[in-house]
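Asker: Here's the letter readout for the chains.
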Amino acid sequence: DAGVIQSPRHEVTEMGQEVTLRCKPISGHDYLFWYRQTMMRGLELLIYFNNNVPIDDSGMPEDRFSAKMPNASFSTLKIQPSEPRDSAVYFCASSSQGWAYNEQFFGPGTRLTVL
Amino acid sequence: AQKITQTQPGMFVQEKEAVTLDCTYDTSDPSYGLFWYKQPSSGEMIFLIYQGSYDQQNATEGRYSLNFQKARKSANLVISASQLGDSAMYFCAMREPSGGYNKLIFGAGTRLAVHP
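First to last, the protein sequences are chains R and W.
Throughout, this note's numbering is defined as the position within the first sequence, counted from one, plus 457.
Throughout, this note's numbering is defined as the position within the second sequence, counted from one, plus 3.
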């Protein structure tokens with residue numbers, strides 16, 4: 458299995474620009490999560506999907522952030538317009554339904570720098 | 004309210020020694036799950052071990068074991084025979100029993116340094 462795939466791995470952009478982060482979950486997983494990691498706030502859940510439907514977006518910081526999952530194999534996290542305080546590592550993770558573990562498998566992350 | 008507490012920002016251990024990383028949690032739900040993840044300097048998050056609230060025995064995975072003390076609401080990670088490659092950040096997480104299935108709450112993490 459290829460694991461969770463994220464692109465790009467690194468993104469440097471200027472304040473005000475639109476940023477789109479991409480994620481391909483593990484095939485067969487029906488949960489997809491977007492996290493943000495910063496030194497100040499640690500690892501925060503932004504939003505998660507179940508069967509392509511957003512379930513909880515209470516962690517999305519502002520209207521500048523939006524996420525979509527048009528199909529089971531692709532999701533995007535968009536920031537428009539970006540600000541320097543959005544600089545962080547953004548992780549995508551996926552999981553499969555079932556009572557036991559349901560551990561979340563994380564992608565390698567996208568390191569975003571907004572200048 | 005902080006639901007997962009990791010009180011040790013940093014720990015160090017001598018190679019081949021055992022080390023315990025602390026984690027306490029707060030929940031009123033009888034059904035929950037506890038996870039430990041490792042984040043090396045390369046940045047990826049690696050699942051290590053899981054403990055369910057109804058599990059009778061402490062979870063073990065190779066050199067990792069989870070010291071689960073339900074009454075004290077603690078789920079400490081024990082790494083035996085530390086190796087240099089164990090140097091990393093370690094995160095404790097709890098599956099949020101309410102507000103959504105499969106949602107994880109992470110602690111602030113403990114940075115472990117293994118010295119030769």
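No lab work stands behind these hints, which were simulated from the structure alone.
Mixed in with the good hints there might be a few duds.
Calculated from the model, a selection of chain R residues having no Cβ within reach of chain W, i.e. all distances over 10 Å [unchecked claim]:
(1) Glu-475
(2) Leu-500
(3) Lys-525
(4) Glu-540
(5) Pro-541
(6) Ser-544
(7) Val-546
(8) Leu-572
Covered by chain R, according to a simulated footprint, are these stretches of chain W (three or more residues, beta-carbon under 8 Å) [as the list claims (entries may be wrong)]:
(9) 78–92
(10) 109–119
Note that CB positions come from ideal geometry on N, CA and C, so glycine has one too.
Asker: Taking beta carbons only, do three or more residues of the region 109–119 of chain W come closer than 8 Å to chain R?
Answerer: holds (count 4)
Asker: Using Cβ atoms and 10 Å as the threshold, tell me whether R:Glu-475 really stays out of contact range of chain W.
Answerer: 24 Å, holds
Asker: Far enough from chain W: is every CB of that chain over 10 Å from the CB of R:Leu-572?
Answerer: Given that every Cβ of chain W is farther than 10 Å from that of R:Leu-572, nearest at about 21 Å, it holds.
Asker: So is R:Val-546 really clear of chain W, every C-beta pair being over 10 Å apart?
Answerer: 6 Å, violated
Asker: Taking 10 Å as the cut and beta carbons as the points, is R:Glu-540 off the interface with chain W?
Answerer: 22 Å, holds
Asker: Can you confirm whether chain R covers the region 78–92 of chain W, using C-beta to C-beta distances below 8 Å and requiring at least three such residues?
Answerer: violated (count 0)
Asker: Grab the minimum beta-carbon distance between R:Leu-500 and chain W and tell me whether it stays above 10 Å.
Answerer: Since the minimum Cβ distance to chain W is about 4 Å, R:Leu-500 lies within 10 Å and the statement is violated.
Asker: Against chain W, does R:Lys-525 hold up as non-interface, every C-beta pair farther apart than 10 Å?
Answerer: Fine: 19 Å to the nearest Cβ keeps R:Lys-525 off the interface.
Asker: Closest CB-CB distance from R:Pro-541 to chain W, is it above 10 Å?
Answerer: 21 Å, holds
Asker: Per the stated criterion, does the least C-beta distance between R:Ser-544 and chain W lie above 10 Å, as a non-interface residue requires?
Answerer: Holds, because the least Cβ-Cβ distance between R:Ser-544 and chain W comes to about 15 Å, which exceeds 10 Å.
Hint violations for this structure: numbers 2, 7, 9, all remaining hints satisfied.
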